[in-house]
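S.K.: Chains as they are written, first to last, in our numbering: chain A, 1 to 308; chain B, 1 to 308.
Among the hints, a few may not be true.
Partial chain B-side listing against chain A, Cβ under 10 Å, derived [said to hold, decoys possible]:
no., residue
1, ASP10
2, LEU13
3, LEU43
4, LEU92
5, PRO98
6, LYS114
7, ALA115
8, THR120
9, GLY125
10, GLY154
11, GLU173
12, SER191
13, ALA263
Below, simulated EDC-like cross-link-like pairs (lysine to aspartate or glutamate); rule was C-alpha separation at most 20 Å, straight line [as the list claims (entries may be wrong)]:
no., chain 1, residue 1, chain 2, residue 2
14, A, LYS271, A, ASP291
15, B, LYS114, A, GLU173
16, B, LYS14, B, ASP73
17, B, LYS56, B, ASP41
18, B, LYS220, B, ASP238
19, A, LYS56, A, ASP117
20, A, LYS14, A, GLU298
21, A, LYS56, A, ASP41
22, A, LYS114, B, GLU173
23, B, LYS114, A, GLU118
24, A, LYS114, B, GLU118
25, A, LYS56, A, ASP102
What the hints contain is simulated information worked out from the structure, not anything from laboratory work. Values in this document were obtained by computation on a predicted structure and should not be read as measured data. By construction, the Cβ of each residue, glycine as well, lies at the ideal position given by its N, Cα and C atoms.
Number of protein chains: 2
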Amino acid sequence: MPTDATSDFDSRLKSVADAIETTLDRLLSPAALPGEVVRPDRLLDAMRYSTLGGGKRLRPFLVVETARLFGVDGEGPLRAGAALEMIHCYSLVHDDLPAMDDDDLRRGRPTAHKAYDEATAILSGDALLTYAFDVMAGEATHADPAVRAALVLGLARASGLGGMVGGQALDLEAERATAPHEAAFVMRMQSMKTGALLLYGVEAGAILGQASAAERDALKRYGVALGAAFQVADDILDTESDAATLGKAAGKDADRNKATLVAALGLDAAKRRRDALAEEAVAALDMFPRDRAANLAEAARFTAQRRS
Amino acid sequence: MPTDATSDFDSRLKSVADAIETTLDRLLSPAALPGEVVRPDRLLDAMRYSTLGGGKRLRPFLVVETARLFGVDGEGPLRAGAALEMIHCYSLVHDDLPAMDDDDLRRGRPTAHKAYDEATAILSGDALLTYAFDVMAGEATHADPAVRAALVLGLARASGLGGMVGGQALDLEAERATAPHEAAFVMRMQSMKTGALLLYGVEAGAILGQASAAERDALKRYGVALGAAFQVADDILDTESDAATLGKAAGKDADRNKATLVAALGLDAAKRRRDALAEEAVAALDMFPRDRAANLAEAARFTAQRRS
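With the rest of the complex left out, here is chain A (with noise of 0.2 Å):
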């Protein structure tokens, strides 16, 4: 029997991923496009395919659940969500192509290159990448330009060389090593590779927020430690679950060399360190009203526990 705090929870992570969805397709839409260029229908078509129908949309949660903390809601925070969706899920479109992990699904559906072309997958992640700004950086998403400005900052850093995409790269020299990877190193490529998106959901949430720095301290310890749970979670899940489940294949990390928490600790360990990790963020909580932030604190522990 689910508590009441986490039926709460299972419906606002619903209802905002709801209205991600929506703000997503009005975003992509054909409207979108100036009127006086040749739309090109192909690769619009493919930015939907890979961003629309479907994911929790943990990412744009976080941006809405700690804009709210501060009294910020509306169109802002869910502009600022769906854009950090996008450069999520340009992410694994890029992630998917035959030069990188070459995969043929993605939760349960065929992966952009196989559903369209090779061309049209790198370009709709490139496309999709360079929306995402394009979103950030629109009025809509906040009246003052110096919020605009340090929320498109923050996305490229978070998404850039020394985050996501550096992160990227280091997975993929690391799986080409042949000694096993060291836990630290793990912690430290997954940061970058996974981490850095969702602190920034936290971070973007407390610049709509304008937030102090103390409370900016606070939430990016969330964030960090959030992060790092979803990491190993996201190991354990791959080491437990076969493909049926996951709507990927699964074990392959293991096949490959993959730099995992669980090849460098073992399952029980990672398994103490995830949860560790969620209670870390929750306590990181502290100095907000405990019933403002009560979604952030399940956010943490959903982010740990979750099954897929």
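Got chain A; can you put chain B on it based on the hints?
M.R.: Below, chain B without anything else, positioned relative to chain A:
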């Protein structure tokens, strides 16, 4: 014999290209990464490989010279120009990929996926694209966050779905068509694929210079005509050059049913169109003092007459 105007222009073009090279080198130095992360050396190396050491830097030149019309120079226009050049360079890296144009040579050197590998080429393009927005949104680009947000928004528009990436997608689709392409379609597709970034160079200078609406309109006419002249000149060069002088496989466009204006209009009509567009660009500068706008006027003629 070069006239004085062209020799002044040549030395100015060279001097801006040198300053842009220095700026790119600094922005892409290891010091640009935050200290606590693991450095993805190979990725950074690939980003530098595809960005440094060459090119006329025409797009940054347009940023710098347009900003200078309004008395704005120094760090800001150089950073904005370098960011724009990163977008241009990433687009070449992705366009050269096996799934796209499948080119082995670029400026006489192996393309990124040949010098490194396909995964690194894809990721280095993603990282350059992302880093461009980092640089554009940074405080050192302009003190006023409204200017930075406008620069980001314009760059995203010019390089995304309704601009460069969309144009590239349309070009790939056009290649698959069996019938010849109409001139009007070719011009609009190319205005997205190539024209949008050149126009944005001018627009970025105008944003940095906080130009009036009338000034921005005039500069937009200049940038649109220059962008069109550039692409027609490119089509003509491709028809007339061979691999030895151009450093890439020439004549390829015709082999592949590429949508070019030479194919649509014939060579002589294309040359007349190119020269008329260059003069249209020069005429659009009429509202500015002739001496201050001389470099922009020469840039339009240079764009039409260049030999590589």
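S.K.: Look at each hint and say if it fits the structure.
M.R.: Hint-by-hint comparison with the structure:
1. ASP10: violated, 34 Å
2. LEU13: It is violated, given that the least Cβ distance between LEU13(B) and chain A is near 28 Å, above 10 Å.
3. LEU43: holds, 4 Å
4. LEU92: Interface hint status for LEU92(B): violated (12 Å vs cutoff 10 Å).
5. PRO98: Hint holds; PRO98(B) Cβ to chain A Cβ min 8 Å, cut 10 Å.
6. LYS114: This interface hint is violated because 13 Å lies over the 10 Å limit.
7. ALA115: Violated, because the Cβ-Cβ distance from ALA115(B) to chain A comes to roughly 15 Å (cut-off 10 Å).
8. THR120: Holds, because the Cβ-Cβ distance from THR120(B) to chain A comes to roughly 7 Å (cut-off 10 Å).
9. GLY125: Holds: closest Cβ of chain A sits about 8 Å from GLY125(B), inside 10 Å.
10. GLY154: Nearest chain A Cβ about 9 Å off; hint holds.
11. GLU173: Given a least distance of 6 Å, the restraint on GLU173(B) holds.
12. SER191: Holds: closest Cβ of chain A sits about 8 Å from SER191(B), inside 10 Å.
13. ALA263: violated, 17 Å
14. LYS271(A) x ASP291(A): Violated, at roughly 28 Å.
15. LYS114(B) x GLU173(A): Given pair LYS114(B), GLU173(A) holds - Cα atoms ~17 Å apart, limit 20 Å.
16. LYS14(B) x ASP73(B): Status holds; Cα separation ~16 Å.
17. LYS56(B) x ASP41(B): Status violated; Cα separation ~27 Å.
18. LYS220(B) x ASP238(B): The given pair, whose Cα atoms are some 27 Å apart, is violated under the 20 Å limit.
19. LYS56(A) x ASP117(A): violated, 26 Å
20. LYS14(A) x GLU298(A): holds, 14 Å
21. LYS56(A) x ASP41(A): violated, 27 Å
22. LYS114(A) x GLU173(B): Satisfied, since the Cα-Cα distance of roughly 17 Å is no more than 20 Å.
23. LYS114(B) x GLU118(A): Holds, at roughly 18 Å.
24. LYS114(A) x GLU118(B): holds, 18 Å
25. LYS56(A) x ASP102(A): violated, 23 Å
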